[in-house]
Each structure stands twice: as C-alpha cells, then as structure tokens.
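Novice: From just these sequences and the hints, can you work out the full model?
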Amino acid sequence: MSDSPPPVDDTTETVEKLYDVAVTDSKGQTVLHPCRDSYHDLIQLLVEEGYEVCVDLCGADYLGNATRMLPMTIEPERFELVVNLLDVHAPRRLRIRVQVPESDLVVRTISDVHPSAEAMERETNDMFGVCFEGHPDPTPILLPDGWKGHPLRKDFAMGRIPVQFKAVEGR
Amino acid sequence: MTKLDHLRNRDAVLRMSESEAEERAAVVDPDDERMIINMGPQHPSTHGVLRVTLELQGETVLRSKPIIGYLHTGMEKTAEDLTFLQGPTNVTRMDYASPLFNELTFSLAVEALLEIELPDRSTWIRMLMCELNRMSSHLLFLATNGMDLGAVGMMIYGWREREEILRFFEKVTGLRMNHNYIRPGGVAADLHDGWRQDVQSILEILPERLEQFDVLMTGQPIWRQRTQGIGVITTDEALALGATGPILRSTGYAWDLRRDMPYLAYDQVEFDIVVGTYGDTFDRYAIRLNEIRESMRIVEQCVELMPEGPYRVEDRKVTPPPRARIDESMEALIHHFKIFTEGFKVPPGEVYTAVESPRGELGCYLVSDGGAKPQRMHIRAPSFANLQTLPHMMHGGLLADAVAVISSIDPIMGEVDR
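These protein sequence lines map, in sequence, to chains A and B.
For the first sequence, the working numbering begins at 50 and goes up steadily by one.
For the second sequence, the working numbering begins at 2 and goes up steadily by one.
Wrong hints could be hidden among the right ones.
[To be verified] Simulated crosslink set (DMTMM-like; lysine to aspartate or glutamate; CA at most 20 Å straight-line):
id, chain 1, residue 1, chain 2, residue 2
1, B, Lys-374, A, Glu-151
2, A, Lys-197, A, Glu-151
3, A, Lys-203, B, Asp-82
4, B, Lys-339, B, Asp-328
Quick caveat, the hints were computed from the structure, so don't treat them as lab data.
Specialist: Structure (structure tokens):
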C-alpha cells in the first residue's frame with residue numbers, strides 16, 4: 050500500500066540535529082545537547098554563527114529526578130552544565146546542556162572563547178565541584194577558601210554543617 | 002579573534018589565590034615598586050561588602066581582582082526548599098535595590114513552565130511597578146555615585162526622591178522593600194483607589210528635581226573631570242565580558258531587552274534607549290539619569306493605558322480563591338489552605354527567562370521535576386557578570402579613580418553573592 054504510514058525509524062534517525070548536535074525544544078527555547086568532548090568546539094563554532102555573548106553558565110544536579118527529557122542519543126548523567134548563549138544581532142538565544150558524569154567531573158573551560166564565563170565557571174566549581182580544565186584562575190569565588198563540600202549538590206543537606214569561620218581550628 | 006586578544010594581553014586581572022597574594026605582599030624587594038593592597042570589604046565606596054585586591058605601582062592600578070562572596074547566603078539552595086509560590090519571597094532579597102525585577106523574572110519562568118496566559122491588567126501593573134522600581138534604583142545609584150565622588154549633598158537628594166517612590170510601593174504592596182508583590186500568576190493585590198493621583202504626583206515632582214541634579218552634577222566642571230575619560234570600556238570588551246545594561250549601553254551599543262526581546266507589554270509603549278559614546282564613568286552616570294526620564298514616559302503611558310480586569314490569572318490551580326469566598330465556602334477554605342501549604346505542582350521542564358533590570362540582563366534558569374518546589378533555580382545576576390569588567394576598567398588608572406569606577410558599575414552585592 051502506498052498510503053500506509055512510514056515505518057517507525059531507527060532511534061538515531063528521529064533525533065533532530067542542529068549544527069550536527071542533537072537539538073530539542075523546551076517551551077519554545079532551543080536547546081542543544083552536545084557530548085562533553087565536542088562541547089568546546091561547538092561553543093567556538095557558535096561564536097562564528099553569531100552567538101557572541103555567553104550570558105550565563107551554571108550547573109544542575111539531577112540526582113533523584115527521573116522526569117528529565119533528553120534526546121534518545123544522549124546518555125543521562127547526574128550533573129549537567131547549562132550554558133545560555135545570546136546573539137545580540139539577530140536577536141536570539143540558544144541553550145546548551147552538557148552531561149557531566151559524577152565519576153569524572155572535568156569539562157574543558159570555555160573562558161578562552163568567552164571571558165565572561167570565567168567567574169561563572171568558578172561559581173559552578175564551588176557549587177557542584179565541576180573542574181574546568183585550562184581555567185586561568187581556579188580559585189573559590191563565593192565560598193570561603195578551604196570550604197569542604199559543594200552546597201548545591203542534592204546530597205548536601207541544608208544545615209548539615211555548622212557555619213564555618215576562618216578562625217575556627219580544624220575547619 | 003583579535004578583539005579578544007586585546008582583552009587577554011592587557012593583563013588587568015590579578016589571577017591568584019588569597020594565600021598567594023599574601024605571600025607576594027610579604028616579600029620586600031627594593032627594586033620592585035609594585036605593591037598589593039586590599040580595598041574593602043568595609044570601605045564605604047564598595048556598596049556593601051565588595052573587596053578588591055589591587056596591585057599598585059605608586060598611585061597607578063596595574064592588576065586587580067574583585068573578591069566576592071561575603072554576602073553569600075545560599076539563596077539558590079534555599080529556593081530548592083521553597084514552593085513556587087514562596088519563591089518570590091526568596092529571590093526578592095537578592096537585588097534589594099530593585100526587588101520587583103527579581104520577582105518578575107522568577108514569576109515569568111514559573112509561568113513559562115505552567116504555560117499560563119496572564120490577564121492584561123496584571124501585565125500592565127507589573128510594568129508600572131517595574132518602571133517605578135527602575136526609577137528608585139537609579140535614584141539610589143545617583144545618591145551613592147554622588148557621595149562616592151564627593152557630592153555629598155546628592156546622597157540626601159537621591160534618597161529623598163527615592164522615598165517618594167517607596168512610599169507608593171508601601172501603599173500598593175504593603176512593604177517598602179522585598180515586596181513579594183509579583184507572584185506566579187499575577188500580582189498579589191490590585192492597585193489601591195487613587196493610585197493614579199499618587200503616581201501623577203511622583204511624575205510631577207521628579208522632572209524639576211532631575212534638572213537640579215543636572216545643575217549639581219552633570220554640568221559641573223569638577224564632576225566632569227572626575228568622571229570623563231575614567232574607566233573606559235569598548236563595546237567588544239563589554240560583550241565579551243558579559244556586561245549588560247548601562248555598562249554595555251555606555252559604549253554606544255543600543256541593547257535593551259525591553260526593546261530587543263520584548264516581554265510584558267513593552268512592545269506597546271514608546272520609549273527611547275539611552276546610549277553613551279565613550280564608555281566612561283560619565284556616560285554610565287548620564288545614562289542612568291536619563292533612563293529615569295525614559296521610565297517616567299513609560300509610567301505615564303501605563304497610567305493612561307491601564308486596562309481593567311482581573312489582576313491575577315483566573316486559573317484556580319495557581320490562584321487562591323478570593324478572600325470573600327473563604328468566609329462562605331468550606332471548599333474555598335480548603336483550597337486556600339492547600340495552595341499555601343502544599344503549593345501548586347509545576348510540569349517538568351526547564352526554562353530560561355530574562356528581563357532588563359536596572360543593572361542589566363537579569364535571568365532565571367528554572368528546572369522543575371513536576372513537584373511543588375523547583376529542582377534547580379539559578380539567577381543570572383547582572384552585577385555578578387558586570388563586576389568582571391572592573392579590572393579592565395581600572396587598569397592603568399589612578400587609585401582615586403577606582404572608587405569612581407566601582408561606583409559606576411553600581412553593583413548590588415546581594416545579587417552578586419546570592
């Protein structure tokens with residue numbers, strides 16, 4: 050029969066792609082899902098495509114959240130790195146979500162492409178413990194020097210640790 | 002990438018840890034005239050608790066690094082423990098000079114996830130309140146900027162004018178700051194009877210007072226010498242460093258989310274975007290002064306065009322029942338109780354919304370897992386990004402000008418540290 054619906058394709062065929070990366074739509078906003086290895090090159094490519102401003106970079110911990118929607122080709126991991134890019138000429142926005150496994154929390158820095166990401170990457174390192182390879186100044190930014198733990202992780206309970214002061218011994 | 006190379010080669014940022022800086026400061030080398038000193042965190046010009054580590058050669062600033070985090074109270078973590086309805090009470094405390102914008106960006110994010118349409122009146126009330134808030138925030142800037150540069154009288158005038166607006170806020174929201182007025186689904190209460198007269202009287206007082214500021218500061222030779230050509234930044238640098246708001250506009254680049262990516266009903270009102278030419282401290286001052294005038298234009302149009310109708314969405318899932326119903330209906334009482342104890346559930350998803358706050362792009366990244374509390378709430382604070390321009394603006398300038406530059410960024414430490 051010629052008018053029968055086409056057979057359901059292989060999963061890899063149904064994933065939509067933009068700039069050769071899986072793309073989804075979240076409430077009308079475009080979200081790209083690159084893998085960790087191609088993330089830096091994608092950011093570089095997007096600068097040439099007009100996304101010149103990195104407005105925001107933050108982490109997210111998906112521990113215990115089973116409602117996340119991802120393209121089928123993307124393997125879900127506990128942590129995500131979320132980058133919001135802005136094209137001031139079009140104007141348009143683009144979001145990038147990178148899966149970062151708990152066992153290997155290292156991502157290449159994008160502060161060489163977007164100097165604005167420098168402080169934001171330091172904050173993400175403070176809050177989630179994601180290390181940024183090649184970061185020019187990997188020092189704590191919001192937390193005091195020597196703070197143990199990463200407060201925005203889901204397994205970091207509120208009020209678990211008494212407030213740490215620098216003068217207290219054995220902090 | 003030549004424009005970025007320029008930024009990198011400048012070597013304006015003092016990239017070292019605190020202990021390293023301490024070690025460097027302790028070593029005495031007679032041939033090395035450079036010196037590392039701390040400014041703040043308890044310096045009157047640091048707008049709260051900003052500390053800047055400066056590398057000086059004589060009176061000249063070489064490298065510097067803003068050190069922040071003194072006001073960090075884990076508000077993003079707190080947000081994960083509050084329902085979507087309680088959320089605005091938390092975010093409103095971030096940028097305490099313009100609290101309504103924080104509530105707005107958070108509420109817009111929740112509404113985007115809920116996919117609800119707001120009644121016109123609530124949108125226009127939000128716009129009216131936000132523009133008044135922009136005026137009060139810029140008046141606060143004029144007050145502190147004046148005081149930082151020695152125009153001490155300005156401190157009193159700026160606060161006096163701001164007080165007029167805060168008095169109106171108190172009438173509408175019940176509070177002068179931290180209003181929790183803009184909530185997911187609309188606003189907390191309708192405007193009171195006679196609000197038009199109250200707004201009109203603010204609009205009548207201000208133009209004359211702004212002209213007085215012009216006499217006191219704008220045209221004054223001392224003021225000009227202290228601000229013109231100080232802390233210059235170019236458009237490319239501002240964009241690369243993520244600076245938005247008056248800092249980006251001072252470089253001559255007309256970027257304003259209200260016009261370029263309109264939200265609320267900004268596409269239905271007329272206003273101009275104020276831009277500078279040189280990207281210096283004077284331009285940033287003049288932009289804010291004139292943005293008060295533009296905000297007054299928008300407020301005038303809001304008064305004129307304010308539609309009638311409900312001030313919050315009629316969807317009973319998000320909106321508590323009217324107060325009168327609670328007295329007569331048991332169901333309404335239960336409904337009211339459940340909304341305020343359990344909150345409402347928000348469908349799973351993630352969204353980023355941004356508004357133009359007085360300091361620049363204020364964004365909210367919100368992730369919901371389908372429950373009544375956000376799974377992740379991140380605020381993109383404009384001051385946090387804007388502070389990164391500080392070392393580049395201060396590089397090569399005098400130490401006395403550092404105060405002028407910090408002041409012109411207008412950082413609110415509450416939102417920098419969150």
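Novice: Which of the listed hints are broken here?
Specialist: Hint 1 is the one this structure does not satisfy, whereas the remaining hints hold.
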